[in-house]
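Colleague: Take 1156 as the starting number for the sequence shown in the working numbering and just add one per residue.
Any given hint might turn out to be false.
To be verified - Below, computed lysine to any residue pairings styled on SDA-like, alpha-carbon distance capped at 20 Å:
id, residue 1, residue 2
1, K1179, D1165
2, K1186, D1165
3, K1179, F1195
4, K1179, I1196
5, K1186, L1208
6, K1186, V1210
7, K1179, M1204
8, K1186, I1196
9, K1179, E1207
10, K1186, R1173
11, K1179, W1167
12, K1186, T1201
13, K1179, L1208
14, K1179, A1209
15, K1186, Y1159
16, K1186, S1169
17, K1179, M1166
18, K1186, V1202
19, K1179, T1158
20, K1186, M1166
21, K1179, P1206
22, K1186, V1205
23, K1179, S1169
24, K1179, W1191
25, K1186, D1168
26, K1186, A1209
27, K1179, Y1159
Said to hold, decoys possible - Label-pair ranges, simulated between beta-carbon atoms:
id, residue 1, residue 2, range
28, A1209, D1168, 16 to 22 Å
29, I1162, K1186, 17 to 23 Å
30, Y1172, V1202, 15 to 21 Å
Quick caveat, the hints were computed from the structure, so don't treat them as lab data.
Just so it is clear, CB atoms sit at the ideal spot from N, CA and C, and this is done for glycine as well.
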Amino acid sequence: METYTTIQGDMWDSIAYRLYGNEKYVGDLMKANMEWLDIFIFGAGTVLMVPELAVEEETGMPSWRG
1156 METYTTIQGD MWDSIAYRLY GNEKYVGDLM KANMEWLDIF IFGAGTVLMV PELAVEEETG
1216 MPSWRG
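Let the hints inform the model, and build the full structure from the sequences given.
Modeller: Here it is, written out as structure tokens:
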């Protein structure tokens, strides 16, 4: 598992977007870093674990229709 070191002002959604290209993966990021869930805006230097994402099959339909 890789790591990400925060910069001043990082937030969960912006980190997910930077790492995965989409904010929808914020839940995966948070699950891997339960000890930091009480932080909304990070200071510099917090080391977060970056989980690999499960491969999703593109069906062309929204996930709730699947």
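Colleague: Next step is simple, just say for each hint if it's right about the structure.
Modeller: Status of the hints after comparison with the structure:
Distance check on the hinted pair: K1179 and D1165 sit about 16 Å apart at the alpha-carbon level, within 20 Å; holds. For the hint pairing K1186 with D1165, the CA-to-CA distance comes to about 17 Å; that is within 20 Å, so the pair holds. Distance hint between K1179 and F1195 is fulfilled; the C-alpha atoms sit about 16 Å from each other, no more than 20 Å. Under the criterion of a C-alpha separation no larger than 20 Å, the hint pairing K1179 with I1196 is consistent with the structure, at around 18 Å.
Taken as a hint, the K1186 and L1208 pair is honoured in the structure, with Cα atoms around 12 Å apart against an allowance of 20 Å. Distance hint between K1186 and V1210 is fulfilled; the C-alpha atoms sit about 17 Å from each other, no more than 20 Å. Pair hint K1179 plus M1204 holds up; C-alpha atoms about 17 Å apart against a cutoff of 20 Å. For the hint linking K1186 to I1196, the alpha-carbon distance of about 17 Å falls within 20 Å, and the restraint holds.
Among the hinted pairs, K1179 with E1207 is consistent with the structure: their alpha-carbon atoms are about 14 Å apart, no more than 20 Å. A distance of roughly 17 Å separates the Cα atoms of K1186 and R1173; the hinted pair therefore holds under the 20 Å criterion. Of the supplied pair hints, the one linking K1179 and W1167 holds, its CA atoms being roughly 11 Å apart against a limit of 20 Å. Between K1186 and T1201 the alpha-carbon distance is near 16 Å, which keeps this suggested pair within the 20 Å criterion.
About 11 Å separates the Cα atoms of K1179 and L1208, which keeps this hinted pair within 20 Å; it holds. Among the hinted pairs, K1179 with A1209 is consistent with the structure: their alpha-carbon atoms are about 13 Å apart, no more than 20 Å. Distance check on the hinted pair: K1186 and Y1159 sit about 15 Å apart at the alpha-carbon level, within 20 Å; holds. Under the criterion of a C-alpha separation no larger than 20 Å, the hint pairing K1186 with S1169 is consistent with the structure, at around 16 Å.
Between K1179 and M1166, the direct Cα distance comes to roughly 14 Å. Compliance with the 20 Å bound is thereby established for this hinted pair. Distance check on the hinted pair: K1186 and V1202 sit about 14 Å apart at the alpha-carbon level, within 20 Å; holds. Simply put, K1179 and T1158 have alpha-carbon atoms about 19 Å apart, close enough for the 20 Å limit, and the pair holds. Of the supplied pair hints, the one linking K1186 and M1166 holds, its CA atoms being roughly 15 Å apart against a limit of 20 Å.
As the CA atoms of K1179 and P1206 are separated by approximately 14 Å, the hinted pair is consistent with the 20 Å bound. Taking the CA atoms of K1186 and V1205, the gap is about 10 Å. The hint holds against a cut of 20 Å. As the CA atoms of K1179 and S1169 are separated by approximately 11 Å, the hinted pair is consistent with the 20 Å bound. Pair hint K1179 plus W1191 holds up; C-alpha atoms about 18 Å apart against a cutoff of 20 Å.
The hinted pair formed by K1186 and D1168 meets the criterion: a straight-line CA distance of about 13 Å does not exceed 20 Å. A distance of roughly 14 Å separates the Cα atoms of K1186 and A1209; the hinted pair therefore holds under the 20 Å criterion. In summary, the hint linking K1179 to Y1159 is supported, as the alpha carbons are separated by about 18 Å, within the 20 Å threshold. A hinted range of 16 to 22 Å holds for the C-beta pair A1209 and D1168, which are about 20 Å apart.
Against the hinted window of 17 to 23 Å, the Cβ-Cβ separation of I1162 and K1186 comes to about 22 Å, which satisfies the hint. The hinted window of 15 to 21 Å between Y1172 and V1202 holds, with their beta carbons roughly 19 Å apart.
Hint compliance for this structure: no hint is broken.
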